[in-house]
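For this one, chain A is given, so just place chain B on it according to the hints.
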Amino acid sequence: MDSEATPVVAAIALVVNGTEHRLSVDTRASLLDVLREYLGLTGSKKGCDHGQCGACTVLLDGRRANSCLALAVAHDGAEIVTVEGLAEDGRLSPLQEAFIEQDAFQCGYCTPGQLCSATGMLNEAEQGWPSAITEDVAADPVLDDAEIRERMSGNLCRCGAYRGIVAALREVGGEGARP
Amino acid sequence: MRPFAYERATSAEDALARHEDGARYLGGGTNLVDLMRLGVEEPAKLVDVTGLAHDRIERTPDGTLLVGAAVTNSDLAADRTVREEFPMLSRAVLAGASGQLRNLATVGGNLLQRTRCSYFQDASKPCNKRNPGSGCPARDGEHHNLAVLGHSDACVATHPSDMAVALAALGASVRVVGRGGERTVPLGDFHRLPGAEPQRDTVLEPGDLVTAVVVPPLRMPAAYRKVRERASFAFALVSIAAALDVRDGTVRDARLALGGVAHKPWRAGRAEDVLRGAPATEETFARAADAELAAAEPLRDNAYKVPLARNLIVRTLAELGEGS
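Same order as they appear, the protein sequences are chains A and B. With UniProt numbering as the guide, the letters of the first sequence map in order to residues 1 to 179. With UniProt numbering as the guide, the letters of the second sequence map in order to residues 1 to 324.
With the rest of the complex left out, here is chain A (with noise of 0.2 Å):
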């Protein structure tokens, strides 16, 4: 049968959380796959394995991306910060600090998640990205609790801790907030 055909394997490296790792990688393993099968870091998590919730979000050289649809082949050489190199120094970042303020999450699965997400998507509101909400696309963006909702509809939260992830995502970058 073809699906027990000789797997084809290919060498890459990865720059994950600030270190470098050279890996023989079989060319169907998605980034995901590799962080959680290759390197043990398993923060990112296999919720549907096919784009539609959100829980396997990485910062893919700097922007939010699904690491389950990323082959791992494909991006040999990129930089890839995971819910484990989200904190500095032991400390955690601003947002996950909001999201236990804020009660954010539930049962956790989907946090690392939203988490990378929402890190990526500060970003994309700060650069002046617009949304399919802004009302205007050619003025920046003003992130209020509508565009932060529409922004983050990438990541599922089936506790339904939305309100929470909204507060903390408001507090830490959104409008009126703290300098």
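Derived by calculation from the structure, the hints in this document are not laboratory data. Treat each hint with caution, since some may be false.
Stretches of chain A that chain B covers, calculated by requiring three or more beta carbons in the stretch to come under 8 Å of a beta carbon on chain B [stated by the list, open to error]:
#1 25 to 31
#2 47 to 55
List time: in silico DMTMM-like cross-link candidates among lysine to aspartate or glutamate, alpha-carbon distance up to 20 Å [said to hold, decoys possible]:
#3 B:K45 <-> B:E205
#4 A:K46 <-> A:E84
#5 B:K125 <-> B:E197
#6 B:K125 <-> B:E142
#7 B:K45 <-> A:E84
#8 B:K45 <-> A:D26
For every residue, glycine included, the Cβ atom is placed at its ideal position computed from N, Cα and C.
Frame of chain A, contents of chain B only:
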């Protein structure tokens, strides 16, 4: 997933040379990798084309926009020129997928993404698009979000792209490099209606590589609107890309394309013909919508799309007319 070889192309010529039977070009992978995981696609080789020099957005002196096929959906939507001069295109791209998918997905891949018909995506089911001649369970099955225009006995699938609907209204064209050299295909002719060959989504031949999208300038108010089953991150039930030029109460020019209704982005030429030269009134807009939708052949469970499309056309044109 079946094992596959992976190669990185360094130029369009190199990509063409590396392409062979059973190979697929890899862009962002957001659709292709998913289809491979589902067993719908089983390429023996992936030729990665994201490293080609087709990653820029340029503007020619006459205002034409050139968008490289490897530009990500995010970079297209966030581009200053696109936001200022082609806001409808930016809005359409932003209406699709999620933020993290748009960061991976490319313009070329967006055009070439496959239908989300649930039978096509389920390798255990018959599907004329996936397995020609096996039948179409969607016709009598779950089809509430499938085609009402231009479908065939063989296939009732819809094309899922938002971006392509805007490009259809904008009169864009697609640059393709193939074994016979380079050619430019008008976007309206790029995607096919299913007919008896639903396995062919586009007019591309094996090995053809999309290198860019060419968008002529549009100098009239335009809008993209999308109706879906939830507020965000869902495919269109019906979407519309529209532009309307009204002077002294008369429609001088109009562009209209519909998404979610057919196997391809549906340029509404009949509606445009009704609009041009007619008074810019709701009565005209309704007449235009009816002229276009007269050809609709809804299935058992998707007849709602016809009045939905009609209302969407009338309301969007009315709002564009008011702004003129």
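| query | Can you list which hints this structure breaks, lowest number first? | reply | 7
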